[in-house]
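Sequences listed follow chains A and B, in order. The numbering of the first sequence is this note's numbering, which starts it at 1100 and goes up by one. The numbering of the second sequence is this note's numbering, which starts it at 1100 and goes up by one.
Please note that a few of the clues may not be correct.
One copy or two, it doesn't matter: identical chains are merged, so the pair holds either way.
Simulated crosslink set (EDC-like; lysine to aspartate or glutamate; CA at most 20 angstroms straight-line) [as the list claims (entries may be wrong)]:
#1 Lys1275 with Glu1119
#2 Lys1285 with Glu1295
#3 Lys1285 with Asp1243
#4 Lys1285 with Glu1249
#5 Lys1146 with Glu1278
#6 Lys1146 with Glu1249
#7 Lys1146 with Asp1157
#8 Lys1275 with Glu1124
#9 Lys1275 with Asp1261
#10 Lys1102 with Glu1211
#11 Lys1146 with Asp1267
#12 Lys1102 with Asp1219
#13 Lys1275 with Glu1295
#14 Lys1215 with Asp1227
#15 Lys1285 with Asp1267
Note that these hints are calculated values from the structure, not bench results. Just so you know, these numbers come straight off a predicted model, no measurement behind them.
Residues per chain are reported as follows:
Number of protein chains: 2
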Amino acid sequence: MPKVATQASVSLDGFIAGPENGGFEYLFAWCRAGDVEVPTASGRSYKVAEASADYVRDMIEGYGALVVGRNQFDGMDGWGGQHPMRVQVFVVTHSVPEGWAPESDEFVFVTEGGVKAAIDQAKAVAGDKNVGVGPGIVAREALDEGLLDEVRLDLVPYMLGDGVRFVDTLGSAPRKFGEPRVIQGKKVTHLIYPVETNE
Amino acid sequence: MPKVATQASVSLDGFIAGPENGGFEYLFAWCRAGDVEVPTASGRSYKVAEASADYVRDMIEGYGALVVGRNQFDGMDGWGGQHPMRVQVFVVTHSVPEGWAPESDEFVFVTEGGVKAAIDQAKAVAGDKNVGVGPGIVAREALDEGLLDEVRLDLVPYMLGDGVRFVDTLGSAPRKFGEPRVIQGKKVTHLIYPVETNE
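With these hints in hand, go ahead and build the complete structure from the sequences.
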């Protein structure tokens, strides 16, 4: 059964980006911290601890489509026109970015129906694979609307002091999760929480 | 070698208290979630999962003195005049609370020298036991001043949406920690991070 999951590298003080949209060298240090090479579709590789390798493989092979917010899309400059995971990306946005003329159809701009519409479209494309949902506002809305099955935290041993919070001001809080699966890697603790229906 | 450690139950979205100083039924659900009874000096007991029992015992027996901020002291109404751990508590504050006339000398109000002075006094009292430092501003200052050896997160499977952050706006960020010791309990993941000196 495919899952809808949000995943993020999160600092010990709860940030997915540091001040001035920085801190990524700390948040993603774990992706280069080990000896086991896990190749991605883009040709670049992760180098992670043995304990993380299956988790990363499942992540790379497991996602069939992604849903991201406009902030993340803009912050990553549209991944230069092609997402490194080489899957179709559904961008939740009010309007299609000006001047965006992709050579491929890898990016779909969902301007109506919000996160739910984007996840529905992504599910149709993903088939029996998982749908990944970007962090931040999109993850918050997906949680609030009961559209997420899993939250995957890649908790990293750094504090960033300030920045962008993983999930900001959840409307459906307090929200309960199930017991996590925990994988201790190198410079990262993977914590996979099943989302439970709020009572 | 005794340690200076800060410890807090923290929600998945990074809060040690929810909106309007609430949410403690979620943050401390793990203290009553298991079958193993661990008695405290106050006569009340923890009831935790087997996996958490040693961690809790070490916590109860390990701390020889505590340092807390005035916010925590006020928020807990001075623990009714006696801290449940039955150790001396050093309260960092600008002034001794009005009308405070303790029958015991369990509470010491440190009005000069800030967190460092309070930790020094607590160390002298704790002897070969650990000093516990409360979360929030006190933990932030202790981290900023390089006075902490360990950060202990009791990560709980709830999101609170908003509230009081574990460590707010760290001055010495980004700050690096060592690899954590991880203990998966019931309704809690204990993560014990050694503090590393910033490069």
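Now for the hints, and whether the structure bears them out:
Within a single copy, Lys1275 and Glu1119 get their C-alpha atoms only as close as 31 angstroms, which misses the 20 angstroms cut-off; across copies the closest is 19 angstroms, which meets it. For the homomeric pair Lys1285 and Glu1295, the shortest alpha-carbon distance between copies (16 angstroms) is at most 20 angstroms, but the shortest distance inside one copy (29 angstroms) is not. For a Cα distance limit of 20 angstroms, the shortest separation of Lys1285 from Asp1243 qualifies neither inside one copy, at 32 angstroms, nor across copies, at 25 angstroms. Taking the closest pair of Cα atoms, Lys1285 and Glu1249 come within 20 angstroms of each other only across two copies (18 angstroms); inside a single copy the shortest separation is 22 angstroms, beyond that limit.
In this assembly of identical chains, Lys1146 and Glu1278 lie within 20 angstroms of each other by CA distance solely across copies; the values are 17 angstroms between and 28 angstroms within a copy. For the identical chains of this complex, Lys1146 and Glu1249 are neighbours neither inside a copy (24 angstroms) nor across copies (28 angstroms), given an alpha-carbon limit of 20 angstroms. In this assembly of identical chains, Lys1146 and Asp1157 lie within 20 angstroms of each other by CA distance solely inside one copy; the values are 15 angstroms within and 36 angstroms between copies. Taking the shortest Cα distances, Lys1275 and Glu1124 sit within 20 angstroms of each other only across copies (12 angstroms), while inside one copy they are farther apart (31 angstroms).
Proximity of Lys1275 to Asp1261 under the C-alpha cut-off of 20 angstroms is restricted to the inter-copy arrangement: shortest distance 14 angstroms between copies versus 25 angstroms within a copy. For the identical chains of this complex, Lys1102 and Glu1211 are neighbours neither inside a copy (23 angstroms) nor across copies (55 angstroms), given an alpha-carbon limit of 20 angstroms. Taking CA atoms no more than 20 angstroms apart as the test, Lys1146 paired with Asp1267 passes in neither setting, with 31 angstroms inside one copy and 32 angstroms between copies. Taking the closest pair of Cα atoms, Lys1102 and Asp1219 come within 20 angstroms of each other only inside a single copy of the chain (12 angstroms); across copies the shortest separation is 51 angstroms, beyond that limit.
When the C-alpha separation of Lys1275 and Glu1295 is checked against a cutoff of 20 angstroms, the pair qualifies only within one copy, where the shortest distance is 6 angstroms, while the shortest distance between copies is 33 angstroms. Taking the shortest Cα distances, Lys1215 and Asp1227 sit within 20 angstroms of each other inside one copy (18 angstroms), while across copies they are farther apart (57 angstroms). When the C-alpha separation of Lys1285 and Asp1267 is checked against a cutoff of 20 angstroms, the pair qualifies neither within a copy, at 27 angstroms, nor between copies, at 26 angstroms.
Going through the hint list in order, the structure does not satisfy hints 3, 6, 10, 11 and 15.
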